[in-house]
Amino acid sequence: MLKTHRELLARFQSLIALALMVLAMSLLSDKFLTPENGWNILRQISVNLCLSIGMTLIILAAGIDLSVGAILALSGAVAAGLLKNGLVLSPLAVQLQFTVFGAIVAGLLVGTAAGSFNGLMITRFRLPPFVATLGMFSIARGLTMLWTGGFPITGLGSEFGFLGTGVLLGIPMPVWISGTLVGVFVVLTRKTRFGRYIYAVGGNERAAMLTGLPVDRIKLGVYTLGGLLAGAAGLIVTARLDSAQPNAGLGYELDSIAAVVIGGTSLSGGRGSVVGTVLGCLIIGVLNNGLFLLDVSPFWQQVVKGFVILAAVAVDKMSSREV
Amino acid sequence: MTDTGEVVLEARGISKSFPGVKALDGVGLTLRSGRLTALLGENGAGKSTLMNVIAGVFPPDAGELLVAGRPVRFTSPRQAQDHGIAMIFQELNLVPGLTVAENIYLGREPLRRSGLIDCAALNRNAAAWLQRLDLDVPPTTPVGRLRVGQQQVVEIAKALAGEVRILVMDEPTSAITERETEVLFQRIADLKQQGVAIAYITHKLDELARIGDDAAVMRDGRMIGSAPLSELSQADIVRMMVGHDLNERSRRTAPATDDEVLRVEQLTLRHPGRPGDFLVYRVSFRVRRGEVLGIFGLMGAGRTELLECLFGLYGRACSGDVFIGGRLAVLRSPADAISHGLALAPEDRKRDGLILSMSVAENSSLASLDRAERLGLIHGRAEREHVQGWLERFRVKTPSLRQRIRNLSGGNQQKVILAKWLATSPKVLLLDEPTRGIDIQAKNEVYALIDELTSDGLGIVAVSSELPEILAVSDRILVLCEGRPTAEFTRAEATEEKILRAALPRKLASLC
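Going down the list, the protein sequences come from chains A and B.
Residue 1 is where the first sequence starts when you use our numbering, and the numbers rise one by one after that.
Residue 1 is where the second sequence starts when you use our numbering, and the numbers rise one by one after that.
No lab work stands behind these hints: they were computed from the structure.
Cβ atoms here follow ideal geometry from the backbone N, Cα and C, with glycine treated the same way.
Check the hints yourself; a few may be wrong.
List of simulated lysine-lysine pairs, DSBU-like, C-alpha gap at most 30 Å [said to hold, decoys possible]:
1) A:Lys191 / B:Lys397
2) B:Lys204 / B:Lys22
3) B:Lys204 / A:Lys317
4) B:Lys350 / B:Lys22
5) B:Lys427 / B:Lys397
6) A:Lys317 / A:Lys31
7) B:Lys204 / B:Lys498
8) B:Lys350 / B:Lys397
9) B:Lys397 / A:Lys317
10) A:Lys191 / B:Lys22
11) A:Lys305 / A:Lys317
12) B:Lys22 / B:Lys397
Short, incomplete list of chain B residues facing chain A, as computed with Cβ under 7 Å [said to hold, decoys possible]:
13) Leu232
14) Pro334
15) Asp352
16) Ser357
17) Met358
18) Leu366
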C-alpha cells in the first residue's frame with residue numbers, strides 16, 4: 001500500500017508541483033491566469049525546451065552536455081551571418097548568397113556537427129562527457145566570437161524573423177517548433193529501438209554491450225541530436241531578437257540541466273522521460289513568469305529557482321529510495 | 001606450536017539472508033589465539049559471507065559474536081577493527097591514487113602535534129612493514145602503479161599495521177607469486193607466534209599442511225564440521241566439501257544427435273597484465289545439438305574468461321578458432337557473437353545481465369527488439385506477445401510484465417535473462433554459473449529448463465564452480481585448472497572426486 005502511494009507520488013510529483021504552483025500564482029496575481037499570459041509562458045520556455053529535449057536524451061544515456069548554450073550561439077551566428085553577408089570564398093573570388101532556407105539549414109548543420117564532435121570525443125577517445133563538452137563549450141564560444149568579431153549581427157529581415165515572432169493559426173512559431181519537437185521525441189524515446197537503447201545504455205552500459213547493443217553509436221546519436229536541437233534553439237533566439245548576439249545562450253546549459261532534473265530524470269541515467277522534461281521546463285517558466293508578475297526582483301528569482309531544483313531532487317530521492 | 005590456544009572469537013548460530021538466498025544458516029565457528037583455522041568449502045558455500053559478518057561488513061540476521069568471551073555487535077568494519085579484527089579481502093580495497101604508505105595507514109595516519117599528517121613517520125613506518133613483507137617498492141609509490149600481486153601484499157600490510165588480534169584472510173594467495181606466498185607464510189607463522197588468531201579461506205589444500213592448524217568445512221550455508229587438521233585426511237576434507245546429499249535427479253537421457261553446433265579449437269587468452277601468462281590456454285571442445293557441456297574449475301581457473309572470450313569480449317587478445325554450425329566464425333564483439341547465434345547468461349546478473357531500471361518486458365525484449373517492431377516503431381502488444389511465450393514457458397513469477405526487474409527474485413531474474421536470449425533464437429547458449437545466488441527450488445527449475453532447452457536442439461555450455469551442479473546438468477564435463485584443460489569426462493565416468501582432483505593444481509592432485 002505504502003509502496004504504491006510512493007510510486008504514485010514519484011510518478012506525478014512534477015505534475016503536482018506544477019499544479020500547486022499554477023494555483024498559487026493565480027491566487028497571488030490576477031494577471032497570471034489569462035490566455036495571453038499562457039502563450040507568453042509557452043513562448044518563453046520554447047528555447048529552453050528545445051535544448052532540454054536534447055539534454056534529456058543525453059542524460060538518459062548517463063551523459064551530460066555543457067556545450068549546448070555555446071552551440072546555440074554559434075548556430076545562430078552562422079545562420080545570421082550567412083543570411084546577411086553570405087559566404088566569401090576569397091581564393092575563388094566568389095561570394096555565395098544564402099536564402100533564408102539555406103541559412104537555416106546551415107545553422108542546423110553547424111549545431112549537428114558540433115554535437116557529433118562531442119560524441120566522437122566521447123566514444124572514440126573515451127573522454128568523460130563532462131570534459132568533452134566543456135572543451136566544445138569553449139571552442140564554440142570562441143568560434144562565435146571569431147565569426148561575429150564580437151559584434152551582434154542584426155537586421156535579418158522579416159522572413160527569417162517569422163521563426164521567432166510569427167504566429168501561425170493563433171500559435172506563436174517558437175511554440176509550434178518546440179511543440180513539434182516534443183511530439184517527435186516523445187515517440188522517438190518511447191516507440192523506437194534507438195529510444196529504448198538510450199535507456200538501456202544509461203541504465204547499465206555493460207549489460208547493454210553484453211546484449212549486443214551498439215553502445216557507441218547510441219551515444220554518438222544522442223550527442224548529435226543534442227547539437228541539432230541546440231542549433232534549432234539558436235535559430236529561434238536569433239530570429240526572435242532579429243539579431244545574433246555573440247553572447248547568446250550564456251548559462252543556458254545549466255537551465256536545461258535544471259529542467260531535466262526537475263522533470264524527474266535521473267542524472268545517473270536510465271530513468272526519466274521527455275514528458276517529465278516538458279513539465280520541468282513549465283515549472284521553471286511558471287516560476288519565472290509568476291515571480292516577474294509579482295514584481296519579485298530577478299535576483300530573488302534565481303535564489304528561488306535554486307531551491308526548487310534542490311527540492312525536486314530531494315523529493316525524487318525520498319520517493320524512489322530502494323529497499 | 002602452541003597446542004590449544006585460548007578462544008578469542010566465537011560465532012554462534014549466525015544466519016544471514018540476501019534477497020532470494022539464505023547464505024548462512026545457523027553457523028558456528030571458533031578461533032583460537034596462535035592458531036590458523038582454514039575455512040574450506042565450494043564456491044557459494046558461505047565462507048566469504050561468514051568472514052564478512054565477523055569483520056563487520058554486514059550484520060548477521062541472527063546469532064551472536066563473542067570476542068574474548070564478550071558479546072559484540074558490529075555495524076561497520078571500523079568497529080570490528082577497534083576490537084582487533086582485521087580482514088584481507090578477496091577483491092582489493094585500495095585507493096589507486098594514494099601512495100603505498102597512505103593506503104597502509106588510511107584512516108589512522110600518524111599525526112603531528114599540529115594535527116597535520118606526519119609524513120615522515122608515515123613513510124618510515126610503512127617502509128618498515130614493506131621490508132618485513134619483503135616488498136621492494138618505495139612507500140611513496142602510488143598503489144595504482146603496482147602489479148596486482150604487489151597490491152595484495154600492500155593489502156596484507158594494511159591489515160597487519162593495526163593492532164591485530166584476529167586476522168581474516170579471504171584467498172590471499174590467489175593473485176600473488178610463489179615467492180610472495182612464501183613471504184606471506186613466514187609472516188603468518190610470526191603472527192601465530194605472537195598469538196594472533198587467523199581465519200583463512202582457501203581452495204588450495206596443499207597450503208594447509210604448511211600453515212594450518214584447524215579446518216572448518218562449509219557447504220550450502222551450513223558448517224559441516226571442524227577439527228584439527230592432523231585428524232583429517234585430504235580425502236576426508238574433499239568428502240566433507242562435496243557432501244552426500246546429491247539430489248539424484250532423474251534426467252532426460254535422449255542421446256544428443258551427432259550434429260556439431262559449436263567447435264572451439266585452441267582458444268587462448270593472454271593475461272592483460274602479465275606478458276607470457278595466459279588466462280585461458282589452448283582450450284578445445286565441441287558441443288553437439290541437444291548436448292550440455294559442463295565446464296568445471298575452481299576460482300581462477302579461467303571459466304568466466306573462457307565464455308567471455310567466446311562471446312567476443314576480448315577482441316583480438318583472444319586467439320583460436322571458433323566454428324558455429326561447422327563454419328568458422330570471427331567473433332570480435334558481443335554483437336558478432338549474437339549474430340552467429342551465441343547467447344551468454346553472465347555470472348553477475350546485476351552487473352552484466354540486467355538493466356535494473358527497466359521492466360520485465362523491456363529486459364526480455366532488449367536483444368530482439370527488431371521483432372517487436374511494426375512500421376519501424378515498437379509495438380507494445382507485439383513486444384509483449386514476442387516475449388510472453390518464453391516468460392510463461394519458463395514460469396517467471398511476476399505480478400505483470402511491467403514490473404521493474406529489480407523487484408524479482410534472483411531465480412526469476414535469471415529466467416528473464418534466459419527468455420531474453422531464447423527470444424533471439426540462438427544456436428548455442430553459454431551459461432556462466434547459471435544458479436549463482438538463487439535458492440534451491442529455483443535452482444532445480446533452472447536445471448529443468450536446461451534439460452528442456454536441449455530437447456529443442458539447443459547446444460549448451462554451462463560453466464560452474466559447484467560440483468553437484470556440473471554433475472546434474474552435464475552430458476560431458478571439461479575440467480579447467482589455471483586456464484588449461486586438465487580432463488574431460490562423460491557423464492557416466494564422472495565422479496566428484498575425479499573432477500575435483502583434475503581441478504586442483506597439479507602439486508596437490510598427487511596427494512588426493
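Does Leu232 (chain B) hold up as a contact with chain A if the rule is Cβ-Cβ below 7 Å?
41 Å, violated
Straight-line alpha-carbon gap Lys191 (chain A) to Lys22 (chain B), limit 30 Å
40 Å, violated
Lys305 (chain A) and Lys317 (chain A) were given as a pair; does the straight-line alpha-carbon distance stay at or below 30 Å?
19 Å, holds
30 Å Cα cutoff - pair Lys397 (chain B), Lys317 (chain A)
Roughly 28 Å separates the two Cα atoms, so the pair holds.
Taken at face value, is the distance from the CA of Lys22 (chain B) to the CA of Lys350 (chain B) at most 30 Å?
Holds, at roughly 18 Å.
Are Lys204 (chain B) and Lys22 (chain B) close enough, with their CA atoms no more than 30 Å apart?
Judged against 30 Å, a Cα distance of about 26 Å means the pair holds.
Do the numbers back the hint for Pro334 (chain B), that is, is its least Cβ distance to chain A under 7 Å?
5 Å, holds
Please verify whether Lys22 (chain B) and Lys397 (chain B) have alpha carbons no more than 30 Å apart.
Between Lys22 (chain B) and Lys397 (chain B) the Cα gap is close to 19 Å, so the pair holds against 30 Å.
Grab the minimum C-beta distance from Met358 (chain B) to chain A and call the hint holds if it beats 7 Å, violated otherwise.
Status holds, d = 6 Å.
Distance restraint between Lys350 (chain B) and Lys397 (chain B), which requires alpha-carbon spacing of 30 Å or less
Within the cut-off at roughly 18 Å; holds.
Just to be careful, I want the Cα atoms of Lys317 (chain A) and Lys31 (chain A) compared with a cutoff of 30 Å; is the pair within it?
Distance ~35 Å between Lys317 (chain A) and Lys31 (chain A) Cα, so the pair is violated.
Satisfaction of hint between Lys317 (chain A) and Lys204 (chain B), Cα-Cα up to 30 Å
46 Å, violated
When the structure is compared with the earlier hints, violations turn up for hints 3, 6, 10 and 13 and for no others.
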